[in-house]
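Visitor: Sequence:
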Amino acid sequence: MTDSTRKLHKQTFPVTGMTCASCASSVETILAHTDGVQSAQVNFASSTVLVEYSDEINPVELNEALSAIGYGLITETEDADESSSKDKEEYYRQLKRQTLGAAVLTLPIFIIGMFFMHWKPGTWISLALAIPVLSIFGRRFFISAWKQAKHKSVNMDTLVALSTGIAFIFSVFNTVFPEFWISRGFEPHVYFEAATVIITFILFGKMMEEKAKSKTSTALKKLMGLQPKTLKAIVQGQEKEIPISEVQMDYEIIVRPGEKIPVDGKVISGNSFVDESMISGEPLAIEKSENDQVFAGTINQKGSFHFKAEKVGSETLLSQIIKRVQEAQGSKAPVQKLVDKIASIFVPTVIAIAVLTFAVWMFIGGEDALSHAILNSVAVLVIACPCALGLATPTAIMVGIGKGAENNILIKDAESLEIAHKVNAVILDKTGTITAGTPTVTNLQWESEDIRTEFAPILLAIESKSEHPLANAVSKKLTEEGFKSDTIQNFQSLTGKGVEAEGKTGESFYIGNSNLIQSHGINLKPELDTKANTWSDEAKTVVFFANSETVLAVIAIADQIKPSSKSAIQKLKKQDISVYMLTGDNQQTAAAVAREVGLTDFKAEVMPSDKSDFVKELQAKGKVVAMVGDGINDSEALAQADISIAMGHGSDIAMDVAKMTIISSDLEVIPKAFNLSAMTVRGIKENLFWAFIYNLIGIPIAAGLLYPINGFLLDPMIAGAAMAFSSVSVVLNSLRLKGKSI
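Read in full-length UniProt numbering, the sequence shown has 511 at position 511, and its numbers run on one by one without any break.
Everything labelled a hint here was simulated from the structure, so no lab data went into it. Since no wrong hints were added, every one of them can be taken at face value.
The list that follows gives simulated cross-link-like pairs (lysine to aspartate or glutamate, EDC-like), each with its CA atoms no further than 16 Å apart:
1) K260 / D275
2) K308 / E252
3) K740 / E406
4) K266 / D250
5) K311 / E246
6) K120 / E179
7) K566 / E668
8) K308 / E239
9) K571 / D666
10) K206 / E89
11) K566 / E596
12) K603 / E617
13) K240 / E252
14) K232 / E252
15) K308 / E290
16) K10 / E52
17) K497 / E467
18) K465 / E500
19) K229 / E259
20) K571 / E668
21) K206 / E90
22) K685 / E418
23) K229 / E241
24) K672 / E406
25) K311 / D292
26) K562 / D666
27) K266 / E287
28) K308 / D292
29) K422 / D576
30) K302 / E259
31) K206 / E415
32) K672 / D576
33) K120 / E187
34) K7 / D55
35) K232 / E246
36) K229 / E246
37) K10 / D55
38) K562 / E596
Could you put together the complete structure from these sequences and hints?
Guide: So, in structure tokens, the structure goes:
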């Protein structure tokens, strides 16, 4: 089969056994170099891999390729998500147990090492407690280091395993054979507390990281939950409840009030209003009657209808949204942590210096050559301990996340906080982001004050009974003005036009659009007509209330712009950030909103996939894109964007996909989030400086550089203290961010 005739499959698989960014890199490399695989992209955050492969290989063989290096793929598509979820939950529980176990045993070791260092039984107690910390709770670091060594690479785990392993072995020797050093005039120090504290600290960091990662698949679960498990269909002339998996094309499906629409199709009888906000993002339910399209996952309101299934299974619009969200989340290259990059250079350098130190001292050390060689090479490894390096990023991130929470910024993902300051393009959803997301009566003009007093109770009574989504806005307005409902009778809905009812005296009243007024030949006074035209030009929905002779009132309803939206957009522009608005609403409404908030770049009538495509378009131009949204229809674009920000009042799915949530739903907070990112990154860089300055100064001294000058040799115990001080300086520097204003 030639390359041109091979059929390519694109599928996302959950991956088992990945514990670090380097693991993700290994998985990607192995799969990418497997025959038949076109490309492989690992998403470490969600523990999945997006694989594009041809017919010459199958998922089972992909799994076999990974099994050879200790990883695996969950290939059973039916239970893949459930299996992956259980695997993640079990891994998190295991990590939690290991962290707790290590912390419980490390505390007494730390107390003995710091305050009872000369108590001889304490050394043996520390040894006994340190063994399970390294061999049971911390063995993952040694396993990971071994895996990396087999692939001729190193990472943070290598540094942890090396420093803690050397410190432990050296301490065991000094505990069991103290006379070896005493006979040579040296004090046999132990470093059990250094080894175990490092293990506990790094385990805690991994546990917090895993907890954040475990939430990334929640959005997909909720998206899948939008589709009902069963549906009611007409099968062989009878109504039956069948599983969603059994529905076929052309089935006649029944939808009752409040039910979710199970598949895509076309209405064949009945009418209702359907909430399609998951597709358009717009808060108003759409009226559906014969021949109108309906989509899976959307929610029927108060009416009932029958429709014919046209797209089922993976072909529905909802399934396509789920698939695209999965692909967007999986398409990002794995983030290789800065410390891992540093470790890839730092670890071999430290090992080389330690080996060189040992060799030089064996050559020039004279009678005590072996003692000096061992002590100085161990001092090099201890002072190069990764505690400060490991704390540099997480401490700054933790303080940054706390600072964000104080300012209504909920940050779920450390990576977002690290890169948000690079954003140079912001895409804003309209409804619920720039606007409040709720239809509100903005204007209500009565023919006269007397008319208002006499007929407002009738208007309230009719709107309270109406199923139209705009009716609630009118009812709320009149209730707030203190009106009570009057008695009405013979209420009926007029499809596509509005509603009709009679008052207690038998007088007819109408509420609806201009077509309804014209079809009944009802008089509209010029001043009310002028108002209606003005509001219509402002992209507001205009509703008329009339009796059989004349229009009594004109009502304008719109989704109002949030008070802070305009100033927030101006602040973003002042930061040299391009701002765009995308909406599923019509062109006229979009233009009106854009004009009011000072935007020139906007797109109207966009589908969910159009939003994510626009994000990709900007990314292809080299932009670092932040997407801000609040609805299910924004989830694809949120997953695709470099930085995803959800509004706090929005859908759970949008907030699950997004890596940041603005709790107050105030756009003014977004520029603050970018400032916070810049300050946090500055803190991380300062921390790395402090972590390394000690190594740059301390390692040469530990190796014995000053010995030829003044006879000074750095005791490993002092090296351990210097390492501890570097960690303290990193923590203190991170805490400085707390007092800063963003």
